[in-house]
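Colleague: For reference, the chains in residue letters:
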Amino acid sequence: MSFFDYFKTKKKSSASVAKERLQIIVAHERNTREQPDYLPELQQELLAVIRRYVEIEDDQVQVQLDRNDSCSVLELNVTLPEEVADPQ
Amino acid sequence: MARIIVVTSGKGGVGKTTTSASISTGLAQRGYKTAVIDFDVGLRNLDLIMNCERRVVYDFVNVIQGEATLNQALIRDKRVENLFILPASQTRDKEALTAEGVQKVLDEMSETFDYLVCDSPAGIEHGALMALYHADEAIVVTNPEVSSVRDSDRILGILQSKSRRAEQGMDPVKEHLLLTRYNSERVERGEMLSLEDVNDILSISLLGVIPESQAVLNASNQGSPVILEDESEAGGAYADAVARLLGEERPLRFLDGQKKGFLKRMFGG
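Note that the protein sequences, when read in sequence, are chains A and B. Under UniProt numbering, residues 1 to 88 are what the first sequence spells out, in order. Under UniProt numbering, residues 1 to 269 are what the second sequence spells out, in order.
Hints are computed from structural coordinates only; laboratory data are not their basis. In this text the structure is predicted, and so the values were computed from the model without any measurement. A couple of the hints might just be wrong.
Unchecked claim - Which stretches of chain A does chain B cover? Using the computed rule of at least three CB atoms under 8 Å from a CB of chain B, they are:
{"#": "1", "segment": "12 to 22"}
{"#": "2", "segment": "27 to 40"}
Claimed, not checked - Computed beta-carbon distance windows for the label pairs:
{"#": "3", "chain 1": "B", "residue 1": "G12", "chain 2": "A", "residue 2": "S16", "range": "23 to 33 Å"}
{"#": "4", "chain 1": "B", "residue 1": "Q65", "chain 2": "A", "residue 2": "L47", "range": "46 to 56 Å"}
{"#": "5", "chain 1": "B", "residue 1": "R189", "chain 2": "A", "residue 2": "S70", "range": "43 to 53 Å"}
{"#": "6", "chain 1": "A", "residue 1": "C71", "chain 2": "B", "residue 2": "S161", "range": "18 to 28 Å"}
{"#": "7", "chain 1": "B", "residue 1": "A166", "chain 2": "A", "residue 2": "C71", "range": "13 to 23 Å"}
{"#": "8", "chain 1": "A", "residue 1": "S70", "chain 2": "B", "residue 2": "S147", "range": "30 to 40 Å"}
{"#": "9", "chain 1": "B", "residue 1": "Q90", "chain 2": "A", "residue 2": "L76", "range": "51 to 61 Å"}
{"#": "10", "chain 1": "B", "residue 1": "A215", "chain 2": "A", "residue 2": "R67", "range": "39 to 49 Å"}
{"#": "11", "chain 1": "A", "residue 1": "C71", "chain 2": "B", "residue 2": "R250", "range": "37 to 47 Å"}
{"#": "12", "chain 1": "B", "residue 1": "A99", "chain 2": "A", "residue 2": "S70", "range": "31 to 41 Å"}
{"#": "13", "chain 1": "A", "residue 1": "I25", "chain 2": "B", "residue 2": "Q90", "range": "29 to 39 Å"}
{"#": "14", "chain 1": "B", "residue 1": "E196", "chain 2": "A", "residue 2": "L46", "range": "33 to 43 Å"}
{"#": "15", "chain 1": "B", "residue 1": "G12", "chain 2": "A", "residue 2": "K11", "range": "27 to 37 Å"}
{"#": "16", "chain 1": "B", "residue 1": "N218", "chain 2": "A", "residue 2": "T79", "range": "54 to 64 Å"}
Every residue, glycine too, gets a C-beta built ideally from N, C-alpha and C.
If we strip away everything but chain A, and leave its shape as in the complex, we get:
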């Protein structure tokens, strides 16, 4: 960093952009790596069941498996669409 650099407009270095992108993708891939193989199929089937009752998009259901020492927790997160007024 030179004296005159302080007057230049601050621009993110490409290395720090690289680091941020890597941190995100690596964290994401580590999560999916620890998943059992059946999880994607389970997610699809859960989605199908919920669709019988509510209209939702693919990304509105999130399935995550957290493993602890003695037990695993299956976390199911469904974002339901805003309630449409029932025409009665």
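Could you slot chain B onto chain A? The hints should help.
Modeller: Chain B alone, transformed into the frame defined by chain A:
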């Protein structure tokens, strides 16, 4: 009982074969009986880097299939005592490297060698899995560049789940990071991931940093492992890495780039 070290990376072209050649040469120089084994069936190149391409008669697959004995296939290095090369086969049939076959050959070698260095092919296919399966230690060769770091993380995941040590619930494979083609001037300018950046992401113990150096290409042109060029920065850095592999403490060298004068610091450049 030999210690088995895999040199792996996921990504191609980051310096696995260069590293395998130099690490095995360094171990042999220290007096350990060492064999370096090429697992890149169909695309062997370790023989070229080790300058024994014209002495290959039998290869790894010949030994597995019982067409040659281990002693017939092993090539004794002409420069360094205690160093042997087991070349890969040029056959296109990658499945020739069977799990049982590899196990049998490594078991036999384990009886007489101190170190077996397995040079993995790129990718995460059969050959790469065979190379890492039996490892006690892994040297993960990484360039300070996004695709290489991501692939290294992927390989670390595979080491932790698909290696023999993982499958049999033994102590995990000891993982070492070797950062190669490091250009400290570009790091200083913010154009290249730094050692700290890569460490933050992969967080495994550091074996060494090999600076980007013309000596590496010069050495491979001549079929001489770069560690033998002890005047060069890359050669010195590999010697340090071998020392650390053997448990010695060595300070990191060649990380500060060119020393800048006062005026250069003031006015940049």
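Colleague: Determine for every hint whether it applies to the structure shown.
Modeller: Hint check results:
Under the rule that three or more residues need a Cβ within less than 8 Å of chain B, the assignment of the segment 12 to 22 of chain A holds, with 8 such residues. Coverage of the segment 27 to 40 of chain A by chain B holds [criterion: at least 3 residues with CB-CB distance below 8 Å; count 3]. For G12(B) and S16(A), the hinted distance range of 23 to 33 Å is satisfied, since their beta carbons lie about 27 Å from each other. A beta carbon spacing of about 50 Å between Q65(B) and L47(A) agrees with the range 46 to 56 Å that was offered as a hint.
Range check, R189(B) to S70(A): about 50 Å between beta-carbon atoms, so the 43 to 53 Å window is met. Between C71(A) and S161(B), the C-beta spacing of about 21 Å keeps the proposed range 18 to 28 Å intact. The hinted range of 13 to 23 Å is satisfied by A166(B) and C71(A), whose Cβ atoms lie roughly 22 Å apart. Range check, S70(A) to S147(B): about 38 Å between beta-carbon atoms, so the 30 to 40 Å window is met.
For Q90(B) and L76(A), the hinted distance range of 51 to 61 Å is satisfied, since their beta carbons lie about 52 Å from each other. For A215(B) and R67(A), the hinted distance range of 39 to 49 Å is satisfied, since their beta carbons lie about 47 Å from each other. Between C71(A) and R250(B) the beta carbon distance is about 45 Å. The supplied range of 37 to 47 Å therefore holds. The hinted window of 31 to 41 Å between A99(B) and S70(A) holds, with their beta carbons roughly 34 Å apart.
Between I25(A) and Q90(B) the CB atoms are about 36 Å apart, so this pair conforms to the stated range of 29 to 39 Å. The hint said 33 to 43 Å for the Cβ distance between E196(B) and L46(A), and at roughly 42 Å that hint holds. Here the CB-CB span from G12(B) to K11(A) is close to 32 Å, well matched to the stated 27 to 37 Å. Checked against the given bound of 54 to 64 Å, the beta carbons of N218(B) and T79(A), roughly 60 Å apart, stay inside it.
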